[in-house]
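The listed protein sequences derive, respectively, from chains R, C, S and D. For the first sequence, our numbering assigns the number 1 to the initial residue and increments by one for each residue that follows. For the second sequence, our numbering assigns the number 1 to the initial residue and increments by one for each residue that follows. For the third sequence, our numbering assigns the number 1 to the initial residue and increments by one for each residue that follows. For the fourth sequence, our numbering assigns the number 1 to the initial residue and increments by one for each residue that follows.
I should point out that these hints are in silico values taken from the structure, not numbers from a laboratory. Certain hints may be false.
[Stated by the list, open to error] Over the 10 Å line for every Cβ pair with chain R, so calculated as not near, a few chain D residues:
| # | residue |
| --- | --- |
| 1 | 16 |
| 2 | 18 |
| 3 | 27 |
| 4 | 31 |
| 5 | 33 |
| 6 | 34 |
| 7 | 35 |
| 8 | 57 |
| 9 | 76 |
| 10 | 127 |
| 11 | 139 |
| 12 | 146 |
[Stated by the list, open to error] Here are the simulated distance ranges between beta carbons:
| # | chain 1 | residue 1 | chain 2 | residue 2 | range |
| --- | --- | --- | --- | --- | --- |
| 13 | S | 23 | R | 24 | 33 to 43 Å |
| 14 | S | 139 | D | 23 | 25 to 35 Å |
| 15 | S | 31 | R | 57 | 47 to 57 Å |
| 16 | R | 57 | S | 48 | 48 to 58 Å |
| 17 | R | 24 | D | 34 | 49 to 59 Å |
| 18 | R | 55 | D | 77 | 16 to 26 Å |
| 19 | D | 77 | S | 94 | 36 to 46 Å |
| 20 | S | 64 | D | 94 | 45 to 55 Å |
| 21 | R | 55 | S | 18 | 54 to 64 Å |
C-beta atoms are modelled at their ideal positions from N, C-alpha and C, and glycine is treated no differently.
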Amino acid sequence: MTKMMAGNQPALSLNVANGAKVKDVIAAIEAGYPHIGELIHKKKVLVSVNQEIAHEDTIVHASDEVALLPPFAGGAGHPESREGDHA
Amino acid sequence: MTKMMAGNQPALSLNVANGAKVKDVIAAIEAGYPHIGELIHKKKVLVSVNQEIAHEDTIVHASDEVALLPPFAGGAGHPESREGDHA
Amino acid sequence: MNSAAAGSDDLFVRVQRENFSLDQELDRVRSRSTRIGGIATFLGVARDRSRGRDVDRITFEHYEGMAQKKLREIRERALQDFDILELLIIHRYGEISIGENIVLIIAGAEHRAEAFRACQWAIDELKQITPIWKLERTPDGEVWVEEHP
Amino acid sequence: MNSAAAGSDDLFVRVQRENFSLDQELDRVRSRSTRIGGIATFLGVARDRSRGRDVDRITFEHYEGMAQKKLREIRERALQDFDILELLIIHRYGEISIGENIVLIIAGAEHRAEAFRACQWAIDELKQITPIWKLERTPDGEVWVEEHP
Numbered sequence: 001m002t003k004m005m006a007g008n009q010p011a012l013s014l015n016v017a018n019g020a021k022v023k024d025v026i027a028a029i030e031a032g033y034p035h036i037g038e039l040i041h042k043k044k045v046l047v048s049v050n051q052e053i054a055h056e057d058t059i060v061h062a063s064d065e066v067a068l069l070p071p072f073a074g075g076a077g078h079p080e081s082r083e084g085d086h087a
Numbered sequence: 001m002t003k004m005m006a007g008n009q010p011a012l013s014l015n016v017a018n019g020a021k022v023k024d025v026i027a028a029i030e031a032g033y034p035h036i037g038e039l040i041h042k043k044k045v046l047v048s049v050n051q052e053i054a055h056e057d058t059i060v061h062a063s064d065e066v067a068l069l070p071p072f073a074g075g076a077g078h079p080e081s082r083e084g085d086h087a
Numbered sequence: 001m002n003s004a005a006a007g008s009d010d011l012f013v014r015v016q017r018e019n020f021s022l023d024q025e026l027d028r029v030r031s032r033s034t035r036i037g038g039i040a041t042f043l044g045v046a047r048d049r050s051r052g053r054d055v056d057r058i059t060f061e062h063y064e065g066m067a068q069k070k071l072r073e074i075r076e077r078a079l080q081d082f083d084i085l086e087l088l089i090i091h092r093y094g095e096i097s098i099g100e101n102i103v104l105i106i107a108g109a110e111h112r113a114e115a116f117r118a119c120q121w122a123i124d125e126l127k128q129i130t131p132i133w134k135l136e137r138t139p140d141g142e143v144w145v146e147e148h149p
Numbered sequence: 001m002n003s004a005a006a007g008s009d010d011l012f013v014r015v016q017r018e019n020f021s022l023d024q025e026l027d028r029v030r031s032r033s034t035r036i037g038g039i040a041t042f043l044g045v046a047r048d049r050s051r052g053r054d055v056d057r058i059t060f061e062h063y064e065g066m067a068q069k070k071l072r073e074i075r076e077r078a079l080q081d082f083d084i085l086e087l088l089i090i091h092r093y094g095e096i097s098i099g100e101n102i103v104l105i106i107a108g109a110e111h112r113a114e115a116f117r118a119c120q121w122a123i124d125e126l127k128q129i130t131p132i133w134k135l136e137r138t139p140d141g142e143v144w145v146e147e148h149p
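This is chain R alone, in the form it adopts within the complex (with noise of 0.2 Å):
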């Protein structure tokens, strides 16, 4: 089971039976690293397992490639301006 986090995050460490659900992944995050437990539950973080989002339920395997995903931002700029860089 590999997680990932973009950024300058390293990679975590987490003991998790196999067969849990990812509400026991969160959990056991929450208990080791609050703030990302809380990004998770403001959902500024989201949980993906073999690379598609999950939901609290999806049962995770010990083979499963388990990744925390911080708000994407490919593509260029925004849509429509409202960076307030011109009024």
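Dock chains C, S and D against chain R, hints included.
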């Protein structure tokens, strides 16, 4: 005063008094070329003076460039499929 | 506004026989401002079908002078009415084979929504007000196409 | 549907470090069908301003595998949901200087309205569902950008 028309149409030759209005030009066209006069009345053919679309009361001078413009068809194809070439 | 654009219209509005390169034209637009973030482009190419008929070649004719004038007007109105930084329009004339480029509109803006809006408006407007005519060669002969009766 | 497209996804959906040529990618799309008449393109380039700050360089990172998977999904849904003939998506990663290409979407259709719709939908969707992140370097330091909080 030059006249042009797209297509395989030859140039028209007309005698119109200097200072006449576009409607006088149209009347002269109708006399010699009734089918073109009809197209103008149906707005299938527009009249331009000096490269701007003219209206009936636009005054035409000897040095003006007058043209008869069939329906435009620039660009590529239609915006929507209205062609009946797929159900 | 957009006084920097005056004088360079000749490069940003063209009616020409030759083909054009998208990379080259995009560089031209992009070089106008480092604020450009979104570039919307419309490229019209010659299709092999029109109004249910096969087409093997298209010929475009334009009213020299008026065509360029109308395209310049479109560019100026787009620069005024949309929040864009540049707009380029090229229309080819002469014989065009199936699959070849016919028309190109490039709109460069800070943000993509306006680039798309300006690009779509410009191609719609081009078809309405620009004196350009299209002759399609089909198995049944050549036909002048009337886009909007 | 669009079974001809299967297997060639690799060329029509790419996440790559290298720059791309619009002419080359347009030829790729155009060569898919002689029925293509309208091609709408979105090109995203690196701006020198973001959220009121100067930016002198942008770095994109992606989640290898999932990014490609999501872009393939976008292409497949676009081919299904819009009346288009082809859709190509390229997103670059790594360091990108101001003015350079970031992302390209090309939608080829018989008619331009659908090409524009599909192109706009695809870039909006890309930003929503593709795991790609952006680090902007400004005079105040480097910042990971959060597009939608």
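Consistency of the hints with the structure:
1. 16: holds (13 Å)
2. 18: The claim stands: residue 18 of chain D keeps its Cβ more than 10 Å from every Cβ of chain R (closest is about 17 Å).
3. 27: Residue 27 of chain D clear of chain R: closest Cβ-Cβ about 23 Å, beyond 10 Å.
4. 31: About 26 Å separates residue 31 of chain D from the closest Cβ of chain R, which puts it past 10 Å; holds.
5. 33: At about 27 Å from chain R, residue 33 of chain D clears the 10 Å cut-off, so the statement holds.
6. 34: holds (31 Å)
7. 35: The claim holds: residue 35 of chain D sits with its nearest Cβ about 29 Å from chain R, beyond 10 Å.
8. 57: holds (14 Å)
9. 76: Per Cβ check, residue 76 of chain D is outside 10 Å of chain R; nearest 15 Å; holds.
10. 127: violated (4 Å)
11. 139: holds (15 Å)
12. 146: violated (4 Å)
13. S/23 to R/24: 33 to 43 Å: With Cβ atoms ~52 Å apart, the hint is violated.
14. S/139 to D/23: 25 to 35 Å: holds (32 Å)
15. S/31 to R/57: 47 to 57 Å: holds (53 Å)
16. R/57 to S/48: 48 to 58 Å: holds (52 Å)
17. R/24 to D/34: 49 to 59 Å: Taking Cβ atoms as reference, residue 24 of chain R and residue 34 of chain D lie about 55 Å apart, which means the hint holds.
18. R/55 to D/77: 16 to 26 Å: Since the Cβ atoms of residue 55 of chain R and residue 77 of chain D sit about 21 Å apart, the hinted range of 16 to 26 Å holds.
19. D/77 to S/94: 36 to 46 Å: holds (39 Å)
20. S/64 to D/94: 45 to 55 Å: Holds, at about 48 Å.
21. R/55 to S/18: 54 to 64 Å: holds (56 Å)
Checked against the numbered hints above, the structure breaks hints 10, 12, 13 and satisfies the rest.
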